[in-house]
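Chains as they are written, first to last, in the working numbering: chain A, 294 to 721; chain B, 294 to 721.
Quick caveat, the hints were computed from the structure, so don't treat them as lab data.
One or more hints might be untrue.
Beta-carbon label-pair distances, calculated as ranges [to be verified]:
1. B:338 x A:377: 28 to 38 Å
2. B:437 x A:605: 38 to 48 Å
3. B:574 x A:488: 25 to 35 Å
4. B:586 x A:484: 14 to 24 Å
5. B:658 x A:437: 27 to 37 Å
6. B:485 x A:394: 54 to 64 Å
7. B:437 x A:660: 27 to 37 Å
8. A:439 x B:437: 20 to 30 Å
Where chain B lies over chain A, by a calculated footprint (3+ residues, C-beta under 8 Å) [stated by the list, open to error]:
9. 375-388
10. 444-454
11. 466-474
12. 505-517
13. 536-544
14. 629-641
These numbers were taken from a predicted model, which means no experiment stands behind them.
Beta carbons are placed, not taken as given, at the ideal position from N, Cα and C, and that holds for glycine.
Each chain, letter by letter, is given below.
2 protein chains.
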Amino acid sequence: MSDALDATLNATHDPALCSWVASANAAGCDFPIQNLPFGRFRRAGSGEAWRIGVAIGDQVLDLRAVGLTETDDMNRLMAADPGERRALRQALSRGLAAGSGAEGAWRAALLAQAAAEMAVPCRIGDYTDFYTGIHHATTVGRLFRPDNPLLPNYKWVPIGYHGRASSIGVSGQAVRRPMGQLKGEADAPELGPSRRLDYELELGYLVGAGNAPGCPIGIGEAERHLFGVCLLNDWSARDIQAWEYQPLGPFLSKNFATTLSPWIVTMEALAPFRAPFERPAGDPPPLPYLDAPGHRAHGALDIVLEVWLQTARMRAAGGPAMRLTRGGTRQAAYWTPAQLVAHHTVNGCNLQPGDLLGSGTLSGPAREEAGSLLELTLGGQQPLALPGGDTRAWLEDGDTLVMRGYCERAGAARIGFGEVCGTVVAGA
Amino acid sequence: MSDALDATLNATHDPALCSWVASANAAGCDFPIQNLPFGRFRRAGSGEAWRIGVAIGDQVLDLRAVGLTETDDMNRLMAADPGERRALRQALSRGLAAGSGAEGAWRAALLAQAAAEMAVPCRIGDYTDFYTGIHHATTVGRLFRPDNPLLPNYKWVPIGYHGRASSIGVSGQAVRRPMGQLKGEADAPELGPSRRLDYELELGYLVGAGNAPGCPIGIGEAERHLFGVCLLNDWSARDIQAWEYQPLGPFLSKNFATTLSPWIVTMEALAPFRAPFERPAGDPPPLPYLDAPGHRAHGALDIVLEVWLQTARMRAAGGPAMRLTRGGTRQAAYWTPAQLVAHHTVNGCNLQPGDLLGSGTLSGPAREEAGSLLELTLGGQQPLALPGGDTRAWLEDGDTLVMRGYCERAGAARIGFGEVCGTVVAGA
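Just chain A, with the same shape it has in the complex (with noise of 0.2 Å):
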């Protein structure tokens, strides 16, 4: 935690500071200098390799270029300590702000994003995706479940399984609607493409360094091991899921696609954004290995989240597209990011740098403020109205959903992750 508070009062937060990249400091953008976070881009259509870059404005700086770093592998970067990274942060802080020196020799180092193709931020490794969202599973559950929707282990265990690594994507991927065993009424299932095709809109907490095999990394520590967060659209296929997953949890329902956004806002840049973890009365203490006062005090994050959706019919009217959610995590998560750590490596499984954690669906009380499909049309019972017409009960064809994140506060610049889009389009 102490290196959260060293970065709240560090002088690359202070919301007078501005950057000789005008852009960067136009109201409301996601990338001003108080952010600067990090992707892997690419002049688009050049097919080279894919170099480190931090977004500033409506720029990418390449980060090699101005000789920050000597490597073009983003994980090595996030393997780094907290202190190589805090030290980063301020060198680009410097470099960047309005009157530095450095401005003639980084401006040839910068690329138009318009001009930029980007790549999923890391090698992924592993990736585990979690279940924090109480409010989403408390839905769902009472789907299925009405007298007893949360299982009993939720207040408890930081629920998590393994997701599917190779099928990660970045913003802009075009989603095939998946084939799949379907379960109607008859007595056997047809495989056909679902019917049942979902988002869920969640955070993707992305590792840093990592710990050796068989030691786990406590509370304290857990944080030194993030690197950063974007947003993550875990697509779901939710017929395919309900007729899969028992015994062993989603398994093909999930795994043809899970599309992240290309810029990793990185810890440092989040600390004027933590909050509280603080749990509901009544509520079950967590265990020890889950509890630390520092934790208490700042282990949960602030951040707006939202959903908007296009459909094909939306986008040849030339109208704009449709606001399905605004949410936060304040209310939606019951696990945070450290707490996600600890209990991933309590037993001594090894995270390893670039390593992704999903946080679940991220849905507040409000149905205004539910992630998933699945939540805002109560199962598809009630369709969801959109201009000219058009119902939505679930995804179609064509249609483009974007998941939006920023953090605001009074006395702080505000910062943003940009988006993740994808579009669905036709199964094979």
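With chain A's structure known, arrange chain B on it following the hints.
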């Protein structure tokens, strides 16, 4: 299937074939010239980079040293198409055969296995664990649901879930007893070392050439995407599992360690040990995407599997290990490797070279064929009697678990998998 048949007819399987490596010709040797499995090795203690080796008798042949590959990257070799793989097998068989002119040159490329250190045989990007052992699923299901042991999806869906790649180790691994949340009679769970530590006897199917995202692999092509098979011990903490696994499946109860045997026995080597894919009378036929005529004739594998236990006390007394189990795949596996590949990709999920597909616990119908203590001791209720008056309900610190596998058939040379062993050590 034609690949398997071609190979069956191939001279590389001729049981009369002998090698100039004398140890390969010994009765009962796992690695005769008809086998030729691949692994990654280096001289023990050298700290050198891993190289690709082929086991022959009690020796390892250095594949690059004899000019049969230009790479030390096993995953690249695995990605080769079946034609290239067959050509490599033929070249190995000719070069290692008694009377080969290559003997003089190749002898210098041998290293005694006793002087070699082995790695996990390839880089495993994603690990999926299936649940193909129907007797295992039935016995375990009966412990929880006496009247309805098999869930309704079992005979339709090759049930699987994602495992953890980072904690996969190679034979010889010391497995630290995991800590985890244990839920007894008290209202609250507590953190403690697992008291119900178990193993699971599995095969690991390793993917060769992958598929592009969105492009399923048909059942008729599925075996072209399999490189080979190894032994797999899926260590499991039953008490952690019982409390954590609802609703998303096993997580920390499994991901602390998974141990593989070091040698990948290729699909080509297994060609003489194929068996028909058969279903018990009255069971539903597989859906068309999991069925094909060639697959019915040859889709299954016929491998004998054994589990042996040696406790610290047995070792100290100089006694031999005790066999707990002898069973085989024929009666144990409800789904074939090709069905797992077709199912895994039917939704468009992409497999990559080196990906690992676990079979799930391969228990036969009889108690002495059971592949886990959970089954052998009926959930710990009937501990096993060991030499010297000891008993075992679950694994104890110091216990060494060894799994072995081999194939025998009249008219074919016996081939073996070697072994996967691991020893339980006390938690941190």
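Hint by hint, here is what the structure shows:
1. B:338 x A:377: 28 to 38 Å: At roughly 33 Å between Cβ atoms, residue 377 of chain A and residue 338 of chain B fall inside 28 to 38 Å, so the hint holds.
2. B:437 x A:605: 38 to 48 Å: 46 Å, holds
3. B:574 x A:488: 25 to 35 Å: 34 Å, holds
4. B:586 x A:484: 14 to 24 Å: At 19 Å between Cβs, range holds.
5. B:658 x A:437: 27 to 37 Å: 33 Å, holds
6. B:485 x A:394: 54 to 64 Å: 58 Å, holds
7. B:437 x A:660: 27 to 37 Å: 35 Å, holds
8. A:439 x B:437: 20 to 30 Å: Because 23 Å falls inside the window, the suggested range holds.
9. 375-388: violated (count 0)
10. 444-454: holds (count 7)
11. 466-474: It holds, with 5 qualifying residues against the three required.
12. 505-517: holds (count 4)
13. 536-544: Since three or more residues must qualify, the claim that chain B covers the segment 536-544 of chain A holds, with 9 doing so at under 8 Å.
14. 629-641: holds (count 5)
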